[in-house]
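Trainee: Spelled out, the chains give:
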Amino acid sequence: MVIALSIWDLALASVLVLILAAISWRMQFGIEKRLLISALRTAVQLSLIGLVLKILFDHATIFWVTLMAAVMLLLAGREVMARQERRFAGWWGFGVGTLSMFLSSFAVTVLALAVLIQPDPWFTPQYAIPLLGMVLGNTMNGIALGLDRLTSAAWQQRQAIEARLMLGFPSGKAIELIRRDSMRVGLVPIVNAMAAAGVISLPGMMTGQILAGTPPMEAVKYQILVMFLIASGTGFGTLAAVWLGSRRLFDERERLRLDRLRGAQ
Amino acid sequence: MTPLLSIKQLSTHHVGPLNLELAAGECLTLAGPSGSGKTLLLRAITDLDPHQGEVLLEDKSCHSMCAHAWRKQLGLLPAESQWWLERVGDHFNGLDEPCLAELGFDKGVMDWDVSRCSTGERQRLALLRLLENRPRVLLLDEPTASLDAKNVARVEALVERLRQEQALGVIWVSHDPEQVARVGTRHLHFDGNGQLHEGVGQW
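Chains P and V supply the protein sequences, listed in that same order.
Using the numbering used here, read the first sequence as starting at 1 and increasing by one per residue.
Using the numbering used here, read the second sequence as starting at 1 and increasing by one per residue.
Simulated from the structure, these hints should not be mistaken for lab results.
Do not take every clue at face value.
Reference excerpt, derived from the structure (chain V facing chain P, CB under 7 Å, subset only) [said to hold, decoys possible]:
1) Asp47
2) Leu48
3) Ala67
4) His68
5) Arg71
6) Lys72
7) Leu76
8) Gln82
9) Cys99
10) Asn133
Since the model is a prediction, treat every value here as computed from it, not as a measurement.
Each residue gets a CB set at the ideal place from its N, CA and C atoms; glycine is no exception.
Please construct the entire structure, taking both the sequences and the accompanying hints into account.
Mentor: Next comes the structure, spelled out in structure tokens:
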């Protein structure tokens, strides 16, 4: 099975980072402080999550798994919101991204657990939490990119959008080009990742499974499954977010309502 | 007889409340200092901005139809034309050759790159694009500000013809007193307080 790492192994690896920081300091790159802080954050955050997962695995009830999933969702929602230059004002700023992530990531993960992988019980946290984490993390990326493009493009092209409205375009048609563009922007990273998988990069999950002693073909099957889950989660999530967002940009009289974005006026 | 366009107690931002009627075939000129509400009034009429009061096209209220159908019948030409595709022709559905010729183009213009058109050419083409919808009312926001004298005459002549032939109602915002006198059948002007008055006004 897995070769256990001792605390000294990690300490030795950290010496490499320290050397890098020393060189940065000596040569005045100015990055050493951030390097050390983020290295420390990695160690602390991962240890904490390890502790949380250990407790969660010991208390594998649906309640704790759901709670963990909810916390992950809310943190991801906050992250999506923080990445918007011109996000929607009020609850919409948090709601559009979070709702879309919830719909797509949870549906995809539950489907994978209940129908495809079928651990017993289906919410077994060793499967549910890493799977949800991977789907959620990527969906979050896609939604953040897509929404950011949607709102910033609507802001920049407001005169063209209104010109189309003046010509009698329905609101959906008036924003169609921007919506299409936002969808594409949201999906590009996962499309690229799928195209490069195995050729340029060995995906992290597969690498991890192989290190843990899983036969390569088993690890590959899991990786393919996860890639497909991520792609569909990201795709459906971005679709929902961009659709919801583009609806919110107009009111019931098909007026462009940029006053619903923050930082407007 | 029902007027073509009736505006009742319309107010938006700092404009109004306004009452206004426009008969079929009438050309109403609208003057007033910059920022007095001319553009805001046109935007409220086409329901692009939230507003109070009512606007009726003949006996149909703005709210009785969906907004995009309303805007198709009330063609608003903004002061600055907007283009979003590469070729001029990509923005058109069909080709109205008589109108094209009246504005000084031939059909080759449809293959032009928008980026290579001058501001004035774009403005004339934008009018043409708007007319494709066959609006009942034309709302022109300083339509000839970027045109030379020859093209100003072309635009004025085209609008005049459509007004006569199709009983088009026109509201024409202009800063040029001579143009106001040439094209208008009735004149209104804004004061600095968002209110309308008869006449060409002094400003």
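Trainee: For each hint, tell me whether it holds in the structure or not.
Mentor: Going through the hints against the structure:
1. Asp47: holds (5 Å)
2. Leu48: holds (6 Å)
3. Ala67: Result: holds, 4 Å to nearest chain P Cβ.
4. His68: holds (5 Å)
5. Arg71: Since chain P brings a Cβ to about 5 Å from Arg71(V), closer than 7 Å, the hint holds.
6. Lys72: With a minimum Cβ separation of about 3 Å from chain P (threshold 7 Å), the hint on Lys72(V) holds.
7. Leu76: holds (5 Å)
8. Gln82: holds (4 Å)
9. Cys99: Violated, because the Cβ-Cβ distance from Cys99(V) to chain P comes to roughly 16 Å (cut-off 7 Å).
10. Asn133: Hint on Asn133(V): holds, closest Cβ of chain P at ~6 Å, below 7 Å.
Checked against the numbered hints listed earlier, the structure breaks hint 9 alone; every other hint is satisfied.
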